[in-house]
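Student: Take a look at the letters that make up each chain.
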Amino acid sequence: MNFRSFSYTIMEAFRGLIKNRLMSAASIITLSSCLFMVSISFCLAVNLDYLLIQMESMMSITVYLEDGMSTEEVNDLIGRVNQIPFVTQLEFISSGEALERFKVDLEDSAHILDGLDKDNPLPNSLVLDIDSLSHWDYVENNLNELKEYGVETIQHGRQAANALMTVNNLLRVVGALVIAGLGVISVVIIFNTIRIAVNTRKTEINIMKYVGATDAFIRGPFIVEGMIIGIFGAVIPLAGAYALYNPVKDFLINSLPVIDFLFHNQSYVFSLLTPLLFAVGVLIGIVGSTISIRRYLNV
Amino acid sequence: MIVAENLTKIYENGAKGIDHLSLRIEDGEFVFVVGSSGSGKTTLVKLLLREVTPTEGKLIVNGDDLSALTRGQMPFYRRRMGVVFQDFRLLTNKTIYENVAFAMQIVGASNRDIRRSVPSVLALVGLQRKAKAYPDQLSGGEQQRTALARAIVNKPPLLLADEPTGNLDPDTAWDIVTLLEDINDRGTTVVVATHAKDIVDQMKKRVITLRNGNLVRDIEKGGYRDEF
Numbered sequence: 001m002n003f004r005s006f007s008y009t010i011m012e013a014f015r016g017l018i019k020n021r022l023m024s025a026a027s028i029i030t031l032s033s034c035l036f037m038v039s040i041s042f043c044l045a046v047n048l049d050y051l052l053i054q055m056e057s058m059m060s061i062t063v064y065l066e067d068g069m070s071t072e073e074v075n076d077l078i079g080r081v082n083q084i085p086f087v088t089q090l091e092f093i094s095s096g097e098a099l100e101r102f103k104v105d106l107e108d109s110a111h112i113l114d115g116l117d118k119d120n121p122l123p124n125s126l127v128l129d130i131d132s133l134s135h136w137d138y139v140e141n142n143l144n145e146l147k148e149y150g151v152e153t154i155q156h157g158r159q160a161a162n163a164l165m166t167v168n169n170l171l172r173v174v175g176a177l178v179i180a181g182l183g184v185i186s187v188v189i190i191f192n193t194i195r196i197a198v199n200t201r202k203t204e205i206n207i208m209k210y211v212g213a214t215d216a217f218i219r220g221p222f223i224v225e226g227m228i229i230g231i232f233g234a235v236i237p238l239a240g241a242y243a244l245y246n247p248v249k250d251f252l253i254n255s256l257p258v259i260d261f262l263f264h265n266q267s268y269v270f271s272l273l274t275p276l277l278f279a280v281g282v283l284i285g286i287v288g289s290t291i292s293i294r295r296y297l298n299v
Numbered sequence: 001m002i003v004a005e006n007l008t009k010i011y012e013n014g015a016k017g018i019d020h021l022s023l024r025i026e027d028g029e030f031v032f033v034v035g036s037s038g039s040g041k042t043t044l045v046k047l048l049l050r051e052v053t054p055t056e057g058k059l060i061v062n063g064d065d066l067s068a069l070t071r072g073q074m075p076f077y078r079r080r081m082g083v084v085f086q087d088f089r090l091l092t093n094k095t096i097y098e099n100v101a102f103a104m105q106i107v108g109a110s111n112r113d114i115r116r117s118v119p120s121v122l123a124l125v126g127l128q129r130k131a132k133a134y135p136d137q138l139s140g141g142e143q144q145r146t147a148l149a150r151a152i153v154n155k156p157p158l159l160l161a162d163e164p165t166g167n168l169d170p171d172t173a174w175d176i177v178t179l180l181e182d183i184n185d186r187g188t189t190v191v192v193a194t195h196a197k198d199i200v201d202q203m204k205k206r207v208i209t210l211r212n213g214n215l216v217r218d219i220e221k222g223g224y225r226d227e228f
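Note that the protein sequences, when read in sequence, are chains B and E.
In this text, residue positions in the first sequence follow the working numbering: the first is 1, and each later residue adds one.
In this text, residue positions in the second sequence follow the working numbering: the first is 1, and each later residue adds one.
No wet-lab data here; the hints were simulated from the structure.
Glycine is no exception: its CB is placed at the ideal position from the N, C-alpha and C atoms.
Hints are not guaranteed to be accurate.
[To be verified] Straight-line alpha carbon distances no greater than 25 Å define the calculated DSS-like cross-link-like pairs of lysine-lysine that follow:
| id | chain 1 | residue 1 | chain 2 | residue 2 |
| --- | --- | --- | --- | --- |
| 1 | B | Lys202 | E | Lys132 |
| 2 | E | Lys94 | B | Lys202 |
| 3 | E | Lys46 | B | Lys202 |
| 4 | E | Lys46 | B | Lys19 |
| 5 | E | Lys221 | E | Lys204 |
| 6 | B | Lys103 | B | Lys118 |
| 7 | E | Lys58 | E | Lys94 |
| 8 | E | Lys94 | B | Lys19 |
[As the list claims (entries may be wrong)] Ranges between beta-carbon positions, derived for each pair:
| id | chain 1 | residue 1 | chain 2 | residue 2 | range |
| --- | --- | --- | --- | --- | --- |
| 9 | B | Met11 | E | Thr178 | 20 to 26 Å |
| 10 | B | Arg15 | E | Asp87 | 23 to 29 Å |
| 11 | E | Lys155 | B | Thr290 | 29 to 35 Å |
| 12 | B | Ala279 | E | Asp182 | 54 to 60 Å |
| 13 | B | Thr290 | E | Gly187 | 38 to 44 Å |
| 14 | E | Asp87 | B | Met11 | 25 to 31 Å |
| 15 | B | Thr290 | E | Gln128 | 39 to 45 Å |
| 16 | B | Met11 | E | Thr70 | 26 to 32 Å |
[Unchecked claim] Chain E residues, not near chain B, derived (Cβ > 12 Å throughout):
| id | residue |
| --- | --- |
| 17 | Asn6 |
| 18 | Gly14 |
| 19 | Ser67 |
| 20 | Asp87 |
| 21 | Met104 |
| 22 | Ala123 |
| 23 | Gln137 |
| 24 | Pro156 |
| 25 | Arg217 |
Just chain B, with the same shape it has in the complex (with noise of 0.2 Å):
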């Protein structure tokens, strides 16, 4: 295509935008409201798999010692656990740094623990970073084969991490089916106005092709303007995700303050979804006026 074919095919298709301009307004009213959905679960998506890496490096085994045991059965336990692949750090914490531990972590109500200094309850303990979620079977079999050595009871919070593993599985493929099902029906919407365009303009088409106009000639401007509601289509969503990101997630870390977990920041997650949006709408511009096009082109 040459350049005076570009422009003209440039100019057409904003002229055809500006006559259908309430069909042209609709579609990118729909197409914005599902590009909005899909930013909104990609968002949700991203931080939910940032929360499980972090989870995953956060949370770690517990391993509670026998009571009784001498300094050198602690450091013969904790060289065998050394030993142990895939572990990759290891806390000891006596009885007694548990309990100042336990007292800081009650702050205000700290006096209820005072009888305690003499007959602490609290046993010695290991605490285990373990490298994946996907190595805990191992290390855990592991120290029960240690129980003779002085461990006690493993304790871990792998039931909260399948959980969520599971949730966000299951997010996944609901989101994809949301998205999959809105982006037909934008393909539908931009479909028919384009459709709506042809249709007006179908002697001219007709017209075009007697002259001698090729089909791609014919097809360029309806595509363009296919292109223009897409990208269009795009950037609304995204700037009303990008406006919401930060105060969502400011309420979200503000009104649940047990979640502690740290969300992606603005600019990493949109350098992310902006390409995504802007190839999904030109994407779904392209097919809707490619496909109503189609049959106006056998003259």
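With chain B's structure known, arrange chain E on it following the hints.
Tutor: Relative to chain B, chain E alone:
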């Protein structure tokens, strides 16, 4: 040059449009194709426009075998042919100038060429003063002259006119036919499918008469009445 050999077109519903027609039209000729409704005139025009394809036989136009023409070659085939219809088929949202320029834009002509050719073609059909008007501000004759200007602006070797005077009063019809003759004098082959007896009779050009899709008469310097 147009060559038809045993040309046959049978529509999907079984109706015969053209039935084993053979004819030859040389470059630079002026030919009327006449016949009553259902004689096959319209089918012949549609075949020449490559709107429909032959069921049987051969149709060769400007060296292109229309049975072998691919979809991709069709636009380029049509660029070597100007077309005028009974209903003018102008773009109502474009001015007269733009309607003519449009045919040049489609073939990728430069703006300079467009600015040079369109006014001269409009002058040829006598519409230079109406360049900025819109089709619905013009009379039928002026609209048909616009269509003629559009048909010849790319200088095609062949001009096909399907009932070009069908919607016009007799005086205006004569203007158009005179213009067609002018265009023919400049070397363009002109094929006119028509019902206009008076015009055919007075022009004394070659007349091809069709009936039931067959060629029943082909006379040099003939007339419409020769038909029967």
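Student: All hints, please: hold or fail.
Tutor: Evaluation of the provided hints:
1. With a C-alpha separation of about 24 Å, the suggested pair B:Lys202 and E:Lys132 falls inside the 25 Å cut-off, and the hint holds.
2. Among the hinted pairs, E:Lys94 with B:Lys202 is consistent with the structure: their alpha-carbon atoms are about 15 Å apart, no more than 25 Å.
3. In summary, the hint linking E:Lys46 to B:Lys202 is supported, as the alpha carbons are separated by about 19 Å, within the 25 Å threshold.
4. Distance hint between E:Lys46 and B:Lys19 is unfulfilled; the C-alpha atoms sit about 32 Å from each other, more than 25 Å.
5. A threshold of 25 Å between alpha carbons decides the hint, and for E:Lys221 with E:Lys204 the separation of about 4 Å falls inside it, so the pair holds.
6. A hinted pair counts as satisfied when its Cα atoms are at most 25 Å apart, and B:Lys103 with B:Lys118 qualifies at roughly 15 Å.
7. Restraint check: the Cα-Cα separation between E:Lys58 and E:Lys94 comes to about 39 Å, which exceeds 25 Å; the hinted pair is violated.
8. Distance check on the hinted pair: E:Lys94 and B:Lys19 sit about 14 Å apart at the alpha-carbon level, within 25 Å; holds.
9. For the hinted restraint 20 to 26 Å between B:Met11 and E:Thr178, the CB-CB distance of approximately 37 Å leaves it violated.
10. A hinted range of 23 to 29 Å for the beta carbons of B:Arg15 and E:Asp87 is consistent with their spacing of about 24 Å.
11. For the pair E:Lys155 and B:Thr290, the beta carbons lie near 34 Å from each other, so the given range of 29 to 35 Å is met.
12. Judged by the Cβ atoms, the range 54 to 60 Å given for B:Ala279 and E:Asp182 holds: they are separated by roughly 56 Å.
13. Hint check: B:Thr290 to E:Gly187, Cβ distance near 42 Å, so the stated range 38 to 44 Å holds.
14. For the hinted restraint 25 to 31 Å between E:Asp87 and B:Met11, the CB-CB distance of approximately 27 Å keeps it satisfied.
15. Hint check: B:Thr290 to E:Gln128, Cβ distance near 41 Å, so the stated range 39 to 45 Å holds.
16. Judged by the Cβ atoms, the range 26 to 32 Å given for B:Met11 and E:Thr70 holds: they are separated by roughly 30 Å.
17. Once the 12 Å rule is applied to beta carbons, E:Asn6 is consistent with being away from chain B; the minimum gap is 26 Å.
18. Look at E:Gly14: its CB is around 22 Å from the nearest CB on chain B, clear of 12 Å, so calling it non-interface holds up.
19. E:Ser67, annotated as away from the interface, keeps every beta carbon of chain B farther than 12 Å; the closest lies near 18 Å.
20. Against the 12 Å criterion, E:Asp87 falls within the reach of chain B, whose nearest CB is about 10 Å from its own CB.
21. In this structure E:Met104 is not separated from chain B by more than 12 Å, as the shortest Cβ-Cβ distance comes to only about 9 Å.
22. With a cut of 12 Å on Cβ distances, E:Ala123 stays outside the contact zone with chain B, its closest approach being about 21 Å.
23. No beta-carbon of chain B is positioned within 12 Å of the beta-carbon of E:Gln137; the least distance is around 18 Å.
24. The claim that E:Pro156 is not at the interface with chain B is violated, since a C-beta of that chain comes within 12 Å of its own (minimum 9 Å).
25. Annotated as non-interface, E:Arg217 keeps its C-beta farther than 12 Å from every C-beta of chain B; the closest such distance is 29 Å.
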